[in-house]
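K.L.:
Let the sequences and hints guide you as you build the complete structure.
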Amino acid sequence: MDYTHQTALIPCGQDKYMPKSELLLHLKTYNLYYEGQNLQLRHREEEDEFIVEGLLNISWGLRRPIRLQMQDDHERIRPPPSSSSWHSGCNLGAQGTTLKPLTVPTVQISEVDMPVENMEMHSPTDSRGLKPVQEDTPQLMRTRSDVGVRRRGNVRTSSDQRRIRRHRFSINGHFYNHKTSVFTPAYGSVTNVRINSTMTTPQVLKLLLNKFKIENSAEEFALYVVHTSGEKQKLKNSDYPLIARILQGPCEQISKVFLMEKDQVEEVTYDVAQYIKFEMPVLKSFIQKLQEEEDREVEKLMQKYTVLRLMIRQRLEEIAETPETI
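Numbering (UniProt numbering), first residue to last: 1 to 326.
Rather than coming from a laboratory, the hints here were simulated on the basis of the structure. Just to be clear, a hint being listed does not mean it is correct.
Okay, derived cross-link-like pairs now, BS3-like style, lysine-lysine, Cα gap no bigger than 27 Å in a straight line [stated by the list, open to error]:
hint, residue 1, residue 2
1, Lys-262, Lys-213
2, Lys-300, Lys-284
3, Lys-256, Lys-206
4, Lys-277, Lys-20
5, Lys-262, Lys-211
6, Lys-236, Lys-206
7, Lys-304, Lys-289
8, Lys-16, Lys-28
9, Lys-256, Lys-284
10, Lys-284, Lys-304
11, Lys-262, Lys-289
12, Lys-277, Lys-300
13, Lys-256, Lys-234
14, Lys-16, Lys-213
15, Lys-232, Lys-28
16, Lys-234, Lys-28
17, Lys-20, Lys-236
18, Lys-304, Lys-28
19, Lys-300, Lys-289
20, Lys-262, Lys-206
21, Lys-277, Lys-256
22, Lys-236, Lys-256
23, Lys-234, Lys-262
24, Lys-236, Lys-211
25, Lys-284, Lys-262
The structure presented is a predicted model; accordingly, all values stated were derived computationally and were not measured.
P.N.:
Here you go:
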């Protein structure tokens, strides 16, 4: 990547801009941190617009359950081949149509006392007796999987398997069927979406919800930059989450991007975040110290203005005692 010096301004929010050279320095640091990983970001120029693109890690921070779609309207899920078929590719006809699965007939095998010579002489021949008749159907190697070994226990039918697969979804590699289509993702678990620096917060939210087929409206959620100190900064609708991540730095042990409910989380400023992790007795001692400091400052102000008042009165008395001169 070419991190040359640039003087152009890059938008990073509503009425907020930063020099392109400064963003490139942040981007270089970001990519050095993730060197050799798929979290590295790329940038390009498109119609005189500077665009950064790549994966953005987002942590789940939801407190309420979310709803998943019962079926994807745009994707048809094909069920796996039935276990009763001979082979995964042997149940298709010449035109690609699906044939009925072949069932293995129960064949009773008994020993025959026929000598080997007689067996060779009685091989099937055609009507002219010239050569053995070749079967029209292809011969399949009889293997353990072809025999269709019986398994004890509950065996699901093909319709049951199709219904279960239709109602299965995956978030972070965990599958959920229709009985658990309403659930709460594990707090702090991480997912990612591929975005670019021109996408605003609402666009990233919609992309994330659509990735997992979540029915909830994007208006219910918000993205927060959460620091280890406890500081929580809500990304505005006009902000660009990927730019915000670059400016915060690559280390997720310092700050992470969280998906949270909009009405369940309040922003925490840096000044307040300094005191979040202290116990209540320690906080009370802080309040007492601050109160004592405030009282001292009030006393100083009162003494200052008392002295000024005395000086003004003294001067007024001096003026009153001085005889008027013409």
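K.L.:
Given the hint that Lys-234 pairs with Lys-28, does the C-alpha gap stay at or below 27 Å?
P.N.:
holds, 25 Å
K.L.:
Regarding the pair Lys-256 and Lys-284, is the alpha-carbon distance no greater than 27 Å?
P.N.:
violated, 30 Å
K.L.:
Next pair to validate is Lys-277 with Lys-20; report whether the Cα-Cα distance is within 27 Å.
P.N.:
violated, 37 Å
K.L.:
Please work out if Lys-20 and Lys-236 have their alpha carbons no farther apart than 27 Å.
P.N.:
holds, 22 Å
K.L.:
Are the Cα atoms of Lys-262 and Lys-211 separated by 27 Å or less?
P.N.:
holds, 20 Å
K.L.:
Is Lys-284 within 27 Å of Lys-304, Cα to Cα?
P.N.:
Not satisfied, since the Cα-Cα distance of roughly 30 Å exceeds 27 Å.
K.L.:
Can the restraint linking Lys-236 and Lys-256 be considered satisfied, given a maximum Cα separation of 27 Å?
P.N.:
Given pair Lys-236, Lys-256 holds - Cα atoms ~16 Å apart, limit 27 Å.
K.L.:
Taking only the CA atoms, is the gap from Lys-284 to Lys-262 under or equal to 27 Å?
P.N.:
Violated - the C-alpha atoms of Lys-262 and Lys-284 are around 31 Å apart, more than 27 Å.
K.L.:
Could you grab the alpha-carbon distance between Lys-16 and Lys-213 and see if it respects the 27 Å cut-off?
P.N.:
violated, 33 Å
K.L.:
Tell me if the straight-line CA distance from Lys-232 to Lys-28 falls inside 27 Å.
P.N.:
holds, 26 Å
K.L.:
Lys-304 and Lys-289: Cα distance at most 27 Å?
P.N.:
holds, 23 Å
K.L.:
Would you check the hint for Lys-262 and Lys-289, treating anything up to 27 Å between C-alpha atoms as holding?
P.N.:
violated, 36 Å
Consistency note: the structure conflicts with the earlier hints numbered 4, 9, 10, 11, 12, 14, 18, 25.
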